[in-house]
Structure formats: structure tokens, C-alpha cells
Amino acid sequence: MLKIGITGGIGTGKSMVSHLFALLNIPVYDSDLRAKQVMAHNLQLKQELIAAFGPEIFTAEGLNRTKLASIVFPDPEKLAKLNSLVHPHVKQDFIDWAEENKKAPYVLKEAALMFETEAYKQVDEMITVFAPLDIRMKRLLKRDTHRTETDLKNIIAKQLPEEEKLRRADHVIYNDDSQLVIPQVLKLHQYFLSKATEKR
Numbered sequence: 001m002l003k004i005g006i007t008g009g010i011g012t013g014k015s016m017v018s019h020l021f022a023l024l025n026i027p028v029y030d031s032d033l034r035a036k037q038v039m040a041h042n043l044q045l046k047q048e049l050i051a052a053f054g055p056e057i058f059t060a061e062g063l064n065r066t067k068l069a070s071i072v073f074p075d076p077e078k079l080a081k082l083n084s085l086v087h088p089h090v091k092q093d094f095i096d097w098a099e100e101n102k103k104a105p106y107v108l109k110e111a112a113l114m115f116e117t118e119a120y121k122q123v124d125e126m127i128t129v130f131a132p133l134d135i136r137m138k139r140l141l142k143r144d145t146h147r148t149e150t151d152l153k154n155i156i157a158k159q160l161p162e163e164e165k166l167r168r169a170d171h172v173i174y175n176d177d178s179q180l181v182i183p184q185v186l187k188l189h190q191y192f193l194s195k196a197t198e199k200r
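To convert, note that position 21 of the sequence shown is 21 in UniProt numbering; the numbers rise steadily by one, no gaps.
Each hint should be verified, as a subset may be incorrect.
[Stated by the list, open to error] With a Cα cut of at most 30 angstroms, we get these calculated DSS-like pairs of lysine-lysine: (1) K91 <-> K36; (2) K102 <-> K91; (3) K78 <-> K36; (4) K142 <-> K36.
The hints are simulated quantities; they were obtained by calculation from the structure and are not laboratory data.
Put together the whole structure using the sequences plus the hints.
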């Protein structure tokens, strides 16, 4: 099966682009959402997280994400440890999910840290959604009212530079107000359909 990855820095609009593919009946794997589900329900991962960060990160209601965040985000080593525990389980979750969706012509895997976590190795081709920093900041300050400009810059600083994402992409969708996004998505959709036919 043809597997396509989609990434882009925060505020580029990758989730909106993924939604457009979903409207074309293409299954989309939302890595952030699935990671939350895996962390909440995978018993092996639960034991690994408790061993690494203590039993207080789980309550009777489940994973205490606020408590976990307060432990890992100030400490780069602990954040790296969290990622090293979670990513193998999410990787396997994607394999299982793709198998469930094998009748689709192709599937899409959306992740903010596609290159950083080497998740791109699970897909055949990569799309990067691009928008310049000034446009992204305007969007984010409007959307994420709970975050300050400094918060947003800190998040962006932890992500791979846009230039590097563009260099490593097989395809780029420009969401920079200079051209329409839907025609770009439709063009890629047709390309992936023809590529999927060849692969089968």
C-alpha cells in the first residue's frame, strides 16, 4: 500500500490540508491524537511510563497529562526519554492502522515531528505544508489564545527548520496566501491515485 507522510511546522495548516484529503475519502492517521490514545490505553507503555516518571502520572481517570508535561518539558533529557518510550508504540500502532485501511488506494500519516522522530521512514513519500513565519505567528496568536508569542517561538525552535523540511520533502503544499490550497491537494491526490495503481 502507498503510504504518504504529511508534516509542517506549527501554524502551517497541515491539519487543514489533511482534512482536505480526508474529504476525498483518504484515511488519515493523526499521530498526535493516536499517541494520546496509545499513552492512555497501551498497558505495556503505561508500565514503562510509570517506571520512568513515577506512579503519580496516572490517576483513577487515566493519564495525568498536565503532571507528565510538568515533569518532562522543563528537562530535555526527560522529554527525550518520553519520546523514546512513546514513539515505538505509535510506530506499531500506525502499522496496525494501515493494515486495517489496506483497501484504500493510499493512506496519509500526519505528524508535526515526522523527520525529527524518523517517522518518515514508515512512508513512501513526504508532503511538507509551508507558510512563512510571519503568517504562521499571526494565525497562531489568533488561534492559540492561551499561548504567548514567546511560547510559540519556543515550540517552533524545537521543530526542524522549515528550510530543512522543504529540502527533504517530495512535495510541497504552499499555504501562504499566495495560491489556493485545494487545487494543490487535488493535483497531488490524482498523482497518488495513479502511483497507487502502479504499486498494486
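How the hints compare with the structure:
no., hint, result
1, K91 <-> K36, "holds, 13 angstroms"
2, K102 <-> K91, "holds, 17 angstroms"
3, K78 <-> K36, "holds, 18 angstroms"
4, K142 <-> K36, "holds, 25 angstroms"
Checked against the numbered hints listed earlier, the structure breaks none of them; every hint is satisfied.
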